[in-house]
Amino acid sequence: MISKKMKNNNKLNCIVILLVIIFIIIAERNFDAYVIRILNLCAIYIILGVSLNLINGFTGQFSLGHAGFMSIGAYASALLYMSPQIKEVNYFITPLIMPFRVIETSFFVSLIFAGLVAALMGFLIGAPCLRLKGDYLAIVTFGFAEIIRVVFNNLQSVTNGPIGLKGLPIYTNLWWTWGIAVLTVLVVKNLVNSSYGRALKSIRENESAAEAMGVNLFFHKSLAFTVGAFFAGLGGALLGSLVMTIDPNTFSFLLTFQLIVIVIVGGLGSITGTIISATIIAVSMELLRAVEAPMNIFGLHLTGIPGMRMLVFAILLMTFVLLFKQGLMGKKEWSWEGFFKILFPKQRDIKEGD
Amino acid sequence: MSVLKTDSICMQFGGLTAVSNFNLELKEGELVGLIGPNGAGKTTIFNMLTGIYKPTKGKVYFYDREISGLGVDRITSLGIARTFQNIRLFSNMTVLDNVKVGTHVHIKSSIWKTIMQWPSYLQEEDSIHERAMELLKVVHLDNLKDHLAGSLPYGEQRRLEIARALATNPKLLLLDEPAAGMNPQESSELMKFILDIQNKFKLTIILIEHDMKVVMGISKRMLVIDYGETIAEGKPLEIQHNPEVIKAYLGVEATNYA
Chain A
4 MISKKMKNNN KLNCIVILLV IIFIIIAERN FDAYVIRILN LCAIYIILGV
54 SLNLINGFTG QFSLGHAGFM SIGAYASALL YMSPQIKEVN YFITPLIMPF
104 RVIETSFFVS LIFAGLVAAL MGFLIGAPCL RLKGDYLAIV TFGFAEIIRV
154 VFNNLQSVTN GPIGLKGLPI YTNLWWTWGI AVLTVLVVKN LVNSSYGRAL
204 KSIRENESAA EAMGVNLFFH KSLAFTVGAF FAGLGGALLG SLVMTIDPNT
254 FSFLLTFQLI VIVIVGGLGS ITGTIISATI IAVSMELLRA VEAPMNIFGL
304 HLTGIPGMRM LVFAILLMTF VLLFKQGLMG KKEWSWEGFF KILFPKQRDI
354 KEGD
Chain B
366 MSVLKTDSIC MQFGGLTAVS NFNLELKEGE LVGLIGPNGA GKTTIFNMLT
416 GIYKPTKGKV YFYDREISGL GVDRITSLGI ARTFQNIRLF SNMTVLDNVK
466 VGTHVHIKSS IWKTIMQWPS YLQEEDSIHE RAMELLKVVH LDNLKDHLAG
516 SLPYGEQRRL EIARALATNP KLLLLDEPAA GMNPQESSEL MKFILDIQNK
566 FKLTIILIEH DMKVVMGISK RMLVIDYGET IAEGKPLEIQ HNPEVIKAYL
616 GVEATNYA
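Protein chains in written order, with our numbering: chain A, 4 to 357; chain B, 366 to 623.
The set of hints was computed from the structure by calculation and includes no laboratory data.
Glycine included, every Cβ here is placed at the ideal spot set by N, Cα and C.
Treat the hints with caution; some may be incorrect.
As the list claims (entries may be wrong) - The following residues of chain A were derived to be distant from chain B, with all beta-carbon distances above 12 Å: (1) I24; (2) N33; (3) F65; (4) L83; (5) Q88; (6) F111; (7) I142; (8) F145; (9) V154; (10) N252; (11) L258; (12) R292; (13) P297; (14) F301; (15) G302.
As the list claims (entries may be wrong) - Lysine to any residue pairs mimicking SDA-like chemistry, simulated, CA-CA at most 25 Å apart: (16) A:K344 <-> B:S516; (17) A:K192 <-> A:E340; (18) A:K90 <-> A:L158; (19) B:K473 <-> A:E210.
Unchecked claim - The following label-pair restraints were derived from C-beta to C-beta distances: (20) B:P549 <-> A:K328: 39 to 45 Å; (21) B:M481 <-> A:L290: 45 to 51 Å; (22) B:E499 <-> A:I18: 31 to 37 Å.
Build the full structure now, drawing on both the sequences and the hints.
As structure tokens, then:
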């Protein structure tokens, strides 16, 4: 039965998690800061991509508000984990409002706070948007992210306005990023494979039929937005502490766009696809720096052109989307059964027999 | 106690009256046919019963409880399920998952237990699986459970839609033209199938159908709607000879010749 199968898979999943832990231990000791940074970015992209996929891919609600949730998460956590001294240095024009001015919490507490505040906003934005569909929802959520950006630019006493926050302490490390990435994947996987997840997918497929089958649209859409925003908030918080400096324009539409690319390249409605594409994109953006270096082609000397990698990246992306119209994985998922079927094709019959 | 009772419900869209003063009382275990020419307002009646439209006038009672004005999902959870005239399956989901969505309305596990894979949640997931498989066996689709719903042939999609509706555990089933697009043999199989599930699940059924053979064959009582008004009610044989009905279907001239 399913529950038995799940228990077996859980064992295998535990082994994978153990391997990840061993890998992180090795990576922390042996890799240089540059590689570790890329690994961190991979994990953050996975967190953000998977959470966006929950809203866009599984529930079919085309949201462009992810940067807004990240922004909220990044600021909410920074307000807690920054020490009062750093806060005083940063807020030299308008002092920070009171409770936050003296508070300093651990990174863990600030992460939870970031997630919860973002989730609350996700619920608040999700609730009124429920009546909108498709393009209209996209415009409204996009507007929401822009509103957040503009408000944060002007809310000097909380966000320090356009100057942003500088000198954030680096708490983000491989343990935090990959730990939360694994948590995100587990939560979203458990959610989409459950009865609630089937309800979310049914909303994507046909809203009126889903409602006629007793799926409460309000509850389920809010659920997707809230969970998605929660992890977007965590991702934003991790990113803030990784890049050490945030300002409202860090979380612009371009960032949402990049996440949309990750989700679409991976396949709308596939967690595995999002993980693969997040990794590919985070790594390839760095590898492509090679094309910006000065080089000799057939005796022709080219000086490096800054920004060249984005051009190459765009061309690669277009080719890719033309070749894989459903994304890398479509709606398919990695599964242990599928993996073993590829590894041991002959044993399949025996297994089904017993 | 009546399963369903409508108290002269009306539906107006702007100046257009789609349904006026529709009265119906259903006893437990009845199978009532609802017929009428195209655009007569039959589907509008279904939409009012299931909560998609709120009647502009009048009230709907389900087991003596007023349901007009409740949300669609709420009404489904009380025990009214339907199929659609134009099939509305979840095409990119498997046949099995389509049926499982129907069971979601009665889920007991909370969202937290689901995410944490609580043992009680896993048990419930098992029982959902069993129930969905049972229903698929009833509609003879159990061997296609892993296919995408959208890839099934037309007739099987119709049956799957019925299975999905049954998964919500309904007391009243509303079938909107289940035989549309079927050949005579398929429709006669469908008639048998509808009677089967009615017995098996102790259902009360309202059936909209254009195929007279199907409706006349299985319903004990029929209502004829034309331009939103109930023009006739009675046993199939009475309906067949009712001049009003003949007029609605064939026009005035025909009655003169007949």
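Structure-based check of all given hints:
1. Every Cβ of chain B is farther than 12 Å from the Cβ of A:I24; the closest lies at roughly 21 Å, confirming the non-interface assignment.
2. Taking the minimum C-beta to C-beta distance to chain B, about 35 Å, the non-interface status of A:N33 holds against the 12 Å cut.
3. With a least CB separation of 16 Å from chain B, A:F65 remains clear of the 12 Å interface cut-off, as annotated.
4. Under the 12 Å C-beta cut-off, the non-interface status given to A:L83 relative to chain B holds; the minimum distance is some 25 Å.
5. Every Cβ of chain B is farther than 12 Å from the Cβ of A:Q88; the closest lies at roughly 39 Å, confirming the non-interface assignment.
6. For A:F111, the non-interface assignment is confirmed: its Cβ lies about 19 Å from the closest Cβ of chain B, beyond the 12 Å cut-off.
7. For A:I142, the requirement that its beta carbon stay farther than 12 Å from each beta carbon of chain B is met, with the minimum near 25 Å.
8. Listed as a non-interface residue, A:F145 keeps its Cβ farther than 12 Å from every Cβ of chain B; the least gap is roughly 26 Å.
9. Non-interface call for A:V154 relative to chain B: holds, since the shortest CB-CB distance, roughly 30 Å, exceeds 12 Å.
10. No beta-carbon of chain B is positioned within 12 Å of the beta-carbon of A:N252; the least distance is around 34 Å.
11. Consistency note on A:L258: stated as away from chain B, and its beta-carbon is indeed over 12 Å from all of that chain's, at 27 Å minimum.
12. The Cβ of A:R292 sits about 39 Å from the closest Cβ of chain B, beyond the 12 Å cut-off, so the non-interface label holds.
13. Every beta carbon of chain B lies more than 12 Å from that of A:P297, the smallest distance being close to 49 Å; the non-interface claim holds.
14. Distance check on A:F301: its Cβ is at least 49 Å (rounded) from any Cβ of chain B, clearing the 12 Å threshold; non-interface status holds.
15. The beta carbon of A:G302 is kept farther than 12 Å from every beta carbon of chain B, the shortest such distance being approximately 53 Å.
16. Pair hint A:K344 plus B:S516 holds up; C-alpha atoms about 24 Å apart against a cutoff of 25 Å.
17. Pair hint A:K192 plus A:E340 holds up; C-alpha atoms about 16 Å apart against a cutoff of 25 Å.
18. About 15 Å separates the Cα atoms of A:K90 and A:L158, which keeps this hinted pair within 25 Å; it holds.
19. Of the supplied pair hints, the one linking B:K473 and A:E210 holds, its CA atoms being roughly 22 Å apart against a limit of 25 Å.
20. B:P549 and A:K328 have their C-beta atoms about 41 Å apart, which keeps the hinted 39 to 45 Å range intact.
21. In this structure, B:M481 and A:L290 break the distance hint of 45 to 51 Å, their C-beta atoms being roughly 39 Å apart.
22. At about 35 Å, the beta-carbon gap between B:E499 and A:I18 stays in the expected band of 31 to 37 Å.
In summary, the structure is inconsistent with hint 21 from the numbered list given earlier, while agreeing with all the others.
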